[in-house]
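J.: Each chain, written out:
There are 2 protein chains.
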Amino acid sequence: MENLFLNHLKKNFPSISVSKLIIAVSGGVDSIVLFHLCLKLKLNFFVAHCNFKLREKESDLDEKFVRDLAIKHNIKFYTKSFNTKKLSNNDNKSIQMVARELRYSWFEELSKELNVKHILTAHHLDDSLETFLINLSRGSGIDGLLGIPEVNDTVYRPLLIFKKDEILSYAKENKITWREDSSNKKREYLRNQIRLEVIPKLKEINPNLLDNFSKSIDRLQQSKSIIKDKMDDFIKNVSFTRDEKIYFEINKIKKVSNIDAYLYELLKKYNFTQWDDIRDLLDSQSGKQIISKTHKLLKDREYLILVKNSEVENKSLLINKSSKEVAVSVGKIKVSIAKK
Amino acid sequence: MENLFLNHLKKNFPSISVSKLIIAVSGGVDSIVLFHLCLKLKLNFFVAHCNFKLREKESDLDEKFVRDLAIKHNIKFYTKSFNTKKLSNNDNKSIQMVARELRYSWFEELSKELNVKHILTAHHLDDSLETFLINLSRGSGIDGLLGIPEVNDTVYRPLLIFKKDEILSYAKENKITWREDSSNKKREYLRNQIRLEVIPKLKEINPNLLDNFSKSIDRLQQSKSIIKDKMDDFIKNVSFTRDEKIYFEINKIKKVSNIDAYLYELLKKYNFTQWDDIRDLLDSQSGKQIISKTHKLLKDREYLILVKNSEVENKSLLINKSSKEVAVSVGKIKVSIAKK
Chain Y
9 MENLFLNHLK
19 KNFPSISVSK
29 LIIAVSGGVD
39 SIVLFHLCLK
49 LKLNFFVAHC
59 NFKLREKESD
69 LDEKFVRDLA
79 IKHNIKFYTK
89 SFNTKKLSNN
99 DNKSIQMVAR
109 ELRYSWFEEL
119 SKELNVKHIL
129 TAHHLDDSLE
139 TFLINLSRGS
149 GIDGLLGIPE
159 VNDTVYRPLL
169 IFKKDEILSY
179 AKENKITWRE
189 DSSNKKREYL
199 RNQIRLEVIP
209 KLKEINPNLL
219 DNFSKSIDRL
229 QQSKSIIKDK
239 MDDFIKNVSF
249 TRDEKIYFEI
259 NKIKKVSNID
269 AYLYELLKKY
279 NFTQWDDIRD
289 LLDSQSGKQI
299 ISKTHKLLKD
309 REYLILVKNS
319 EVENKSLLIN
329 KSSKEVAVSV
339 GKIKVSIAKK
Chain D
9 MENLFLNHLK
19 KNFPSISVSK
29 LIIAVSGGVD
39 SIVLFHLCLK
49 LKLNFFVAHC
59 NFKLREKESD
69 LDEKFVRDLA
79 IKHNIKFYTK
89 SFNTKKLSNN
99 DNKSIQMVAR
109 ELRYSWFEEL
119 SKELNVKHIL
129 TAHHLDDSLE
139 TFLINLSRGS
149 GIDGLLGIPE
159 VNDTVYRPLL
169 IFKKDEILSY
179 AKENKITWRE
189 DSSNKKREYL
199 RNQIRLEVIP
209 KLKEINPNLL
219 DNFSKSIDRL
229 QQSKSIIKDK
239 MDDFIKNVSF
249 TRDEKIYFEI
259 NKIKKVSNID
269 AYLYELLKKY
279 NFTQWDDIRD
289 LLDSQSGKQI
299 ISKTHKLLKD
309 REYLILVKNS
319 EVENKSLLIN
329 KSSKEVAVSV
339 GKIKVSIAKK
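First to last, the sequence lines map onto chains Y and D.
Quick note, the working numbering runs 8 ahead of the 1-based positions in the first sequence.
Quick note, the working numbering runs 8 ahead of the 1-based positions in the second sequence.
Calculated from the structure, these hints are not laboratory results.
Wrong hints could be hidden among the right ones.
[Said to hold, decoys possible] Lysine-lysine pairs mimicking DSBU-like chemistry, simulated, CA-CA at most 30 Å apart: (1) D:Lys-211 with Y:Lys-223; (2) Y:Lys-183 with Y:Lys-19; (3) Y:Lys-244 with D:Lys-223; (4) D:Lys-211 with Y:Lys-101; (5) Y:Lys-232 with D:Lys-232; (6) D:Lys-244 with Y:Lys-236; (7) D:Lys-263 with Y:Lys-236; (8) D:Lys-244 with Y:Lys-244; (9) Y:Lys-263 with D:Lys-276; (10) Y:Lys-260 with D:Lys-232; (11) Y:Lys-262 with D:Lys-223; (12) Y:Lys-232 with D:Lys-277; (13) Y:Lys-276 with D:Lys-211; (14) Y:Lys-209 with D:Lys-211; (15) D:Lys-211 with Y:Lys-93; (16) Y:Lys-211 with D:Lys-276; (17) D:Lys-244 with Y:Lys-232; (18) Y:Lys-101 with Y:Lys-277; (19) D:Lys-171 with Y:Lys-209; (20) D:Lys-171 with D:Lys-183; (21) D:Lys-262 with Y:Lys-244; (22) Y:Lys-171 with Y:Lys-28; (23) D:Lys-236 with Y:Lys-244; (24) D:Lys-120 with D:Lys-61; (25) Y:Lys-223 with D:Lys-236; (26) D:Lys-244 with Y:Lys-263; (27) Y:Lys-19 with Y:Lys-232; (28) Y:Lys-260 with D:Lys-260; (29) D:Lys-101 with D:Lys-277; (30) Y:Lys-232 with D:Lys-211; (31) Y:Lys-236 with D:Lys-236; (32) D:Lys-263 with Y:Lys-276; (33) D:Lys-262 with Y:Lys-223.
[To be verified] Cβ pair distances, simulated, as ranges: (34) Y:Ser-25 with D:Glu-205: 40 to 48 Å; (35) Y:Arg-146 with D:Glu-205: 20 to 28 Å; (36) D:Lys-296 with Y:Lys-223: 19 to 27 Å; (37) D:Glu-257 with Y:Ser-25: 37 to 45 Å.
A virtual CB, placed ideally from N, CA and C, is assigned to each residue, including glycine.
In isolation and in its complexed conformation, chain Y is listed as follows (with noise of 0.2 Å):
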């Protein structure tokens, strides 16, 4: 395993062998290999532990075991606790996801305090087949189906051309000790669910499963790679941009047979979910508008012109007491504590 990690390291992430790095380190196996491999490698690198204190004392336990086999390695533990469980209620949103956007912007945080490019989680190839079937669950085309993304901007993920098993006996082979997860046992989480119930019966039934599941998302990254050709000459056909707006010409997005697949990969990053009426929009009058959380599309004559849509700042402040003005994106807010 450590040669293939280290292969696999040369011929597609060179710059990770000479960079400084961050390693999120939870202290399950995954993360805990990850740990063993680039301390056997001497890459030269950080933890980083997330503390979501979720699990009560053990929660602080996770924490101390990652932080005292950083020490004693000599290397160098950041470490951060969440009020995980208050800020899911608040944002009515799945611990889960909050845990996932606290973990991923407090590291991008780190690595800009740490001037650090490369930070590696620990995701291998089951965690892939898990999102993609969660996905698939969900409605996804293409973009979802691709599993976890190897890169993903500043987040590398080394570890995805290896299977749960191999790391599990990498880490007994080398009497690597960890920490279990109890909540990986929970039933409760639909990933769990996939994981426990889904994924060993699919692999009952075909043992080659993960190595064929590896083959159809590289074909399916490479179909995405056509795509994103076709889109590339497809929009500089029908459209430029002008004063920050977007103009698409109505008269060159009705020549292909396929509108609805070309619209849908134009406009699925500016947050729109309203096909049918974007489709209707390329006949309807002038004036008329669609909004997304973030852009509007609005048809002018010829064109559909795409605008940022900043006049709503869907967004809390926290205003100090002693504070008079607030810095916003459009300018600024003057602020007093008026008298009851």
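Since the structure of chain Y is already known, use the hints to place chain D on it.
T.: Just chain D now, with coordinates in the frame of chain Y:
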């Protein structure tokens, strides 16, 4: 369901309502419901039934059941029996695969004989999800992950918009009787295992699974249509045909950043599988070639040349004792009986 079915036909397959049809009826609930729907809508159809002789008396009772039903409603009935087990042993293929080949090749014969251009089968959304998961566990790319196609040549599948549950409810509400296929309950077949053990679990975890799956394959179909557009552009740009040979210009192929993706899309329909070798062929000496079951890809200076592989015919010939000649694709072979 009748209305949904009718609207679906009108909108997506207007030719079905005005043509002569063959309906494939096994005797199971899906095809019996399809039969009743077509009856109700007064479509102009024949019934075709395959007897694969796999379940002894049961198979013959299925045939009788469908025949009686057709006669009762004054619909013309066609049937054919196959020695499926023997053929499966001869060809070293799975019984299910042989049955599928036999079924579709007989349907094709029959449609020519009866001069009918539409053959309807009763596949539904659950079947499509099974196919998706089977292909995923085999490592398919986007083509295998599109589920079951609604139209494939002359075969139409107008029930793909319905779930198995909806078909069952319709049958029960309308007091329709059908025959259970006992092999549907056996766990030995891959498809049955996926059907009986994996999909129920996925549905339990997410009751909207099928609706979302249906959205996923719609999205994938849209992706596929964009890939097709790009490949049409690409083929036009990098290749030309002369003397039944296709010439691919190597320099032009090399201009894309994702060569593997394009080579795969260009050549998969010619039965190649040696993708690494094909990639290497771009840079190898003139004269090198790669052979598939049906084609040959030859490097010749700045071209890869694709030719049909007519030299080797891998075919068994049944020769009659009294024959003096046997026709093959390239001419005739003279035969005579040798003395020992």
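J.: Would you mind marking each hint as holding or not holding in the structure?
T.: Quick rundown of the hints versus the structure:
{"no.": "1", "hint": "D:Lys-211 with Y:Lys-223", "result": "holds, 26 Å"}
{"no.": "2", "hint": "Y:Lys-183 with Y:Lys-19", "result": "holds, 28 Å"}
{"no.": "3", "hint": "Y:Lys-244 with D:Lys-223", "result": "holds, 29 Å"}
{"no.": "4", "hint": "D:Lys-211 with Y:Lys-101", "result": "holds, 23 Å"}
{"no.": "5", "hint": "Y:Lys-232 with D:Lys-232", "result": "holds, 10 Å"}
{"no.": "6", "hint": "D:Lys-244 with Y:Lys-236", "result": "holds, 19 Å"}
{"no.": "7", "hint": "D:Lys-263 with Y:Lys-236", "result": "holds, 15 Å"}
{"no.": "8", "hint": "D:Lys-244 with Y:Lys-244", "result": "holds, 20 Å"}
{"no.": "9", "hint": "Y:Lys-263 with D:Lys-276", "result": "holds, 28 Å"}
{"no.": "10", "hint": "Y:Lys-260 with D:Lys-232", "result": "holds, 20 Å"}
{"no.": "11", "hint": "Y:Lys-262 with D:Lys-223", "result": "holds, 23 Å"}
{"no.": "12", "hint": "Y:Lys-232 with D:Lys-277", "result": "holds, 19 Å"}
{"no.": "13", "hint": "Y:Lys-276 with D:Lys-211", "result": "holds, 28 Å"}
{"no.": "14", "hint": "Y:Lys-209 with D:Lys-211", "result": "holds, 14 Å"}
{"no.": "15", "hint": "D:Lys-211 with Y:Lys-93", "result": "holds, 28 Å"}
{"no.": "16", "hint": "Y:Lys-211 with D:Lys-276", "result": "holds, 28 Å"}
{"no.": "17", "hint": "D:Lys-244 with Y:Lys-232", "result": "holds, 21 Å"}
{"no.": "18", "hint": "Y:Lys-101 with Y:Lys-277", "result": "holds, 21 Å"}
{"no.": "19", "hint": "D:Lys-171 with Y:Lys-209", "result": "holds, 23 Å"}
{"no.": "20", "hint": "D:Lys-171 with D:Lys-183", "result": "holds, 19 Å"}
{"no.": "21", "hint": "D:Lys-262 with Y:Lys-244", "result": "holds, 22 Å"}
{"no.": "22", "hint": "Y:Lys-171 with Y:Lys-28", "result": "holds, 26 Å"}
{"no.": "23", "hint": "D:Lys-236 with Y:Lys-244", "result": "holds, 19 Å"}
{"no.": "24", "hint": "D:Lys-120 with D:Lys-61", "result": "holds, 25 Å"}
{"no.": "25", "hint": "Y:Lys-223 with D:Lys-236", "result": "holds, 21 Å"}
{"no.": "26", "hint": "D:Lys-244 with Y:Lys-263", "result": "holds, 19 Å"}
{"no.": "27", "hint": "Y:Lys-19 with Y:Lys-232", "result": "holds, 22 Å"}
{"no.": "28", "hint": "Y:Lys-260 with D:Lys-260", "result": "holds, 27 Å"}
{"no.": "29", "hint": "D:Lys-101 with D:Lys-277", "result": "holds, 21 Å"}
{"no.": "30", "hint": "Y:Lys-232 with D:Lys-211", "result": "holds, 28 Å"}
{"no.": "31", "hint": "Y:Lys-236 with D:Lys-236", "result": "holds, 13 Å"}
{"no.": "32", "hint": "D:Lys-263 with Y:Lys-276", "result": "holds, 28 Å"}
{"no.": "33", "hint": "D:Lys-262 with Y:Lys-223", "result": "holds, 23 Å"}
{"no.": "34", "hint": "Y:Ser-25 with D:Glu-205: 40 to 48 Å", "result": "holds, 44 Å"}
{"no.": "35", "hint": "Y:Arg-146 with D:Glu-205: 20 to 28 Å", "result": "holds, 22 Å"}
{"no.": "36", "hint": "D:Lys-296 with Y:Lys-223: 19 to 27 Å", "result": "holds, 26 Å"}
{"no.": "37", "hint": "D:Glu-257 with Y:Ser-25: 37 to 45 Å", "result": "holds, 38 Å"}
Against the hints set out earlier in the document, no violation occurs for any number.
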